[in-house]
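Chemist: Below are the chains, spelled out letter by letter.
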Amino acid sequence: MKGLSTSHSVVAPTAWSKRFAALVVVFYAVVALVPIVWIMLTGFKSPADSISYPPKFIPTLSEVEEKPGEYSPYYQMTLEGYVNLFTSRSRQSKEYLDSLPPPETWYDELVRSRQMVITGASNFSQRYGNSLIIGFGSTFMAIFLGTLAAYGFSRFKVPLKDDLLFFILSTRMMPPIAAAIPIFLMFRATGLADTHAGMVLLYTAVNMGLAVWLLHSFIDEIPREYEEAAMIDGYTRLQAFIKVVLPQATTGIAATAMLCLVFAWNEYAFALLLTSGSAQTAPPFIPTIIGEGGLDWPAVGAGTTLFLIPVMVFTILVRKHLLRGITFGALRK
Amino acid sequence: MQDSSTIEAQAPVTQKRSRSLINKLMNMSDRSMAWLFIGPTVVILLLINIFPLLWTIYLSFTNYRANQPTRDIEWVGLRNYERLLNSEDIWGYLQVTAHFVCWTMILQTIIGFGLALLLNRNFKGSSFFSTVILIPMMLSPAVVGVFWTYLFQPQTGIMTYIINFFGNFGPVDFIGNVDLAPWGIVLVDTWMWSPYVMLICLAGLKSIPPSLYEAAEVDRASTFRKFWSITLPMVLPFLLLAVLFRFIENFKMFDLVNELTSGGPGSITELASINLKREAFEKWRTGYSSAFAIILFVTVFGAGNIFVKVLNRVKNR
Amino acid sequence: MLQHLSRTLATVALTASIGVSAAKASAADQLTLCWAAWDPANALVELSKDFTNKTGIEMKFEFVPWTNFADRFQNELNSQGKLCDLMIGDSQWIGGSATYGHYVKLNDFFQKEGIDINNFLPATVEAYSTWPKGSQNYWALPAMGDALGWVYRKDWFARPELRKAFKAEYGRELTPPKTWDELKDVATFFTGKEIDGKKVYGAAIYTERGSEGITMGATAALYSWGFEYQNPNKPYDMVGYVNSPQAAEGLKFYKELYKCCTPPGHSDAYMVANLDAYKSGQVAMQMNWFAFFPGIAKDPQVGGEKSGFFVNPSENIAASTLGGQGISVVSYSDKKDLALKYIKWFADANVQKKWWSLGGYSCHKAVLEDPNFKNTAPFAGDFLQAMSGVKDFWQEPTYAELLQSMQKRLHDYVVADQGTAEQALDKLVKDWIQVFEDDGKL
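Protein chains in written order, with our numbering: chain G, 1 to 333; chain P, 334 to 650; chain B, 651 to 1092.
Keep in mind the hints are simulated off the structure, nothing from the lab.
Misleading hints may appear alongside valid ones.
Calculated cross-link-like contacts (lysine-lysine; reagent style BS3-like; alpha-carbon spacing at most 30 Å) [claimed, not checked]:
(1) G/Lys94 x B/Lys848
(2) G/Lys94 x B/Lys956
(3) G/Lys67 x B/Lys956
(4) B/Lys956 x B/Lys1004
(5) G/Lys161 x P/Lys357
(6) P/Lys642 x G/Lys161
(7) G/Lys67 x B/Lys848
(8) B/Lys991 x B/Lys704
(9) B/Lys804 x G/Lys94
(10) B/Lys948 x B/Lys1004
As the structure is a computational prediction, the values presented were derived from the model and not from experiment.
So here's chain G without its partners, still in its complex pose:
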């Protein structure tokens, strides 16, 4: 009865082909993750270890004995990168250092051991804060307005609906640098340049395309009968929207919010051209860490790690809706 076994069917893959597929996929996943893991580990290297060649692969917590001219794959993990990320430092002569009072904290001591003094806090935490404020602010606005608009498009007869929807989506297609030229002039004229309000407004507008399309697809899935039943019970349309539709759409709203947040969090071109300090977000700031010299890759690693971790968490949280997100609601699993 061998002929009956459907060993070649694509519908039910054989154990062998499954194993092969698993092997290739796992290999790809590992390769794809190496760069991310590598930069995160670099955050815990010392500047010297971060540029050693051959590269050092194995982190340890204990001290590593260095013999000159001999390669050791081990490196001792240190928080120097994080200290450098959050402080600015000045190299001073030994005499000057000796004239100072003894270091008060462990990070003071660490910096002094490199023959430098801490001159103050760096701007990283302020930039990170800006990323949070602008990210959450614009997400809130985009979701608020987007939910209303999506409901409007989903339930009402709107003249030129398809054109309007296409137009809303097309805003995502404008090359950011091209869009930035007139917006720079507008922001200059209105005093919005380098302000949180300006960036929130801008990111709201850019995220609207995603929010409206995505929420449109989510709200379309909620049967109209629910609202109609509620309205027969004496609810007005608005009450039905608030008390029936919104609770049904929470998952969709939350997923959309996260995707909007990821966009605002990651955005670089507008932030580079329209902010310079007060409202600058982290993406244009992180590249400038390296420019201060001393091959400070550990500080870049530290900044990158702190910046990427929230997005990685979000990716895992929204994985079920990612497909819908990247196709603007056209595809759902």
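Could you slot chains P and B onto chain G? The hints should help.
Modeler: Only chains P and B this time, still in chain G's reference frame:
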């Protein structure tokens, strides 16, 4: 909407007035609700998208410079467009862009589709690994660009180490070498965005009804034949969607490459957007760069139109 | 779970925005100073603590790496932003900033406060403060004198076996080079040598594409060959000056130097990359701004007796590329009074002396004309010599366009191997003519 009784009543108590406002809101007609709901979105888009676009079109016919605000704006007609289309340099940048867009599309299609086929075997843990593979595309392109420059460091980077593992090639400079730099940016973009194609193709594969394969099985079709006549045509619209979107995104590419090479060495990786940034925000030739922006926008907008058509076709399946 | 999370996130966002607005309200007497992120800036932070102690005005700093410096702060000035109260802007910005009102004119203030601009070295006043050039309109106080110089590994140059080998090969002593040809000999000599078990290279030179790197580096050679920006008798007449045969020769030389003697991957290098290559023991020489020399002298790895300094080599003539900046008050600031207070404090002779001791290059005569100045640092004498023969890039309001064109043409030729030196300079003249035509100067 016209609830005249509340207006005439002129209730002096604010609380009462606000309640009447809420009542009015609650009882508004569908029509006014539609406008109230959609209105703000349209207003914001008019303000941040349409008005700036019109302004850009106007500026593209002038010699305006944003760093010389006090100078009179002169109408120069089509001179900016003429200069652009006659400039050898601009055609060079467009060629660089074409190389980048073509190769990333090809490689991402192959890798993304391949991964989707493999993941579709539904082995144990396939959903976990598909999530893991998706991580790169969610990261900030600018930050990705920064840490890849670290991996690409010719003398100390891990890429040089890995390549020298297979033979003695010496320092390998993916971002500074004239021959390698165009491929360095393709490599990083492919690393980042192949998962995107994978995710969409996977959805396409999952949408194929198993009955099609069962029927083919009865006909004793070969594996290749099944792939060619069932899998590929069924997935094609999805793949097309993914590829088109990658085209749009990579045609306007700025962030990743700006941090990786910022257009260098020379102008070997100077993509259209990177040059546009130089013209508009370093040289401050606002009028000229507006014309360039319009040319780029028209191209992307055309592609976007096709994109939406494909999107709707996929949706209606 | 998503529902719960989104609610939490919204709360966090609200609290965060409230927190920030509260923090903003509390900072009343605070000045923000904008400059590049480099050693002297950190020294200025240290110096400014005295200012805060004296006046109670808090100082905030916004430092941007050199490769993004012009880009970002030109953007800030052009967007009429309020981020910076004080700006230590590059010398080339003076023209645009004066013409388009980014900086406050300081003449009245100098007069009122009794600040005598003649206390500063005339060459630096001319370069960092005045516009139009040669006039007595002051838009900045000279803050940091700078020029391009060279650093070499004194300890390597002193090794007997290397000295012997060099003499055998080139028939002269291994000493810091005086001409570019000598420099190339030394660089070629060191390239590929094994020193302390490590392969080393000749020289680290500027090749950066994005901002101004390769222009600053290549002009160091071009000036020495006799490159001129324009006909000395007829402004903006550039044909035959910018693309003169000597200029092409100098540019060819710079490319040869790049090809023969720089470390691998040195294709987009500016100050920091040169510094790193030098400090990690990869190169025997580096070109860099004098601004870094105090840091090098103090460096744990290459400081002290290990490093020596020399001025830019000559070829047909002796000249150095000018760096350095003046400090200006930004006209869009809400705290111009406080900012002027800082300038007044900074102009004081004693503050200037401390500025030099911490690693900043004062332009004050009390510092530079002190007979003991040459002995205060191993590079002090070289600095004076370099400053006596400096040349600067265009300081026109359109400088950014002029600079970007030069960056592209030079990098295309030197690093990306496109065309010849003559073609590169011809194209450059064409670009520049168009810029001046568009600007109505031609």
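Chemist: Would you mind marking each hint as holding or not holding in the structure?
Modeler: Going through the hints against the structure:
no.: 1; hint: G/Lys94 x B/Lys848; in the structure: 28 Å, holds
no.: 2; hint: G/Lys94 x B/Lys956; in the structure: 16 Å, holds
no.: 3; hint: G/Lys67 x B/Lys956; in the structure: 23 Å, holds
no.: 4; hint: B/Lys956 x B/Lys1004; in the structure: 26 Å, holds
no.: 5; hint: G/Lys161 x P/Lys357; in the structure: 26 Å, holds
no.: 6; hint: P/Lys642 x G/Lys161; in the structure: 15 Å, holds
no.: 7; hint: G/Lys67 x B/Lys848; in the structure: 15 Å, holds
no.: 8; hint: B/Lys991 x B/Lys704; in the structure: 11 Å, holds
no.: 9; hint: B/Lys804 x G/Lys94; in the structure: 21 Å, holds
no.: 10; hint: B/Lys948 x B/Lys1004; in the structure: 17 Å, holds
Violated hints are absent here; each numbered hint is respected by the structure.
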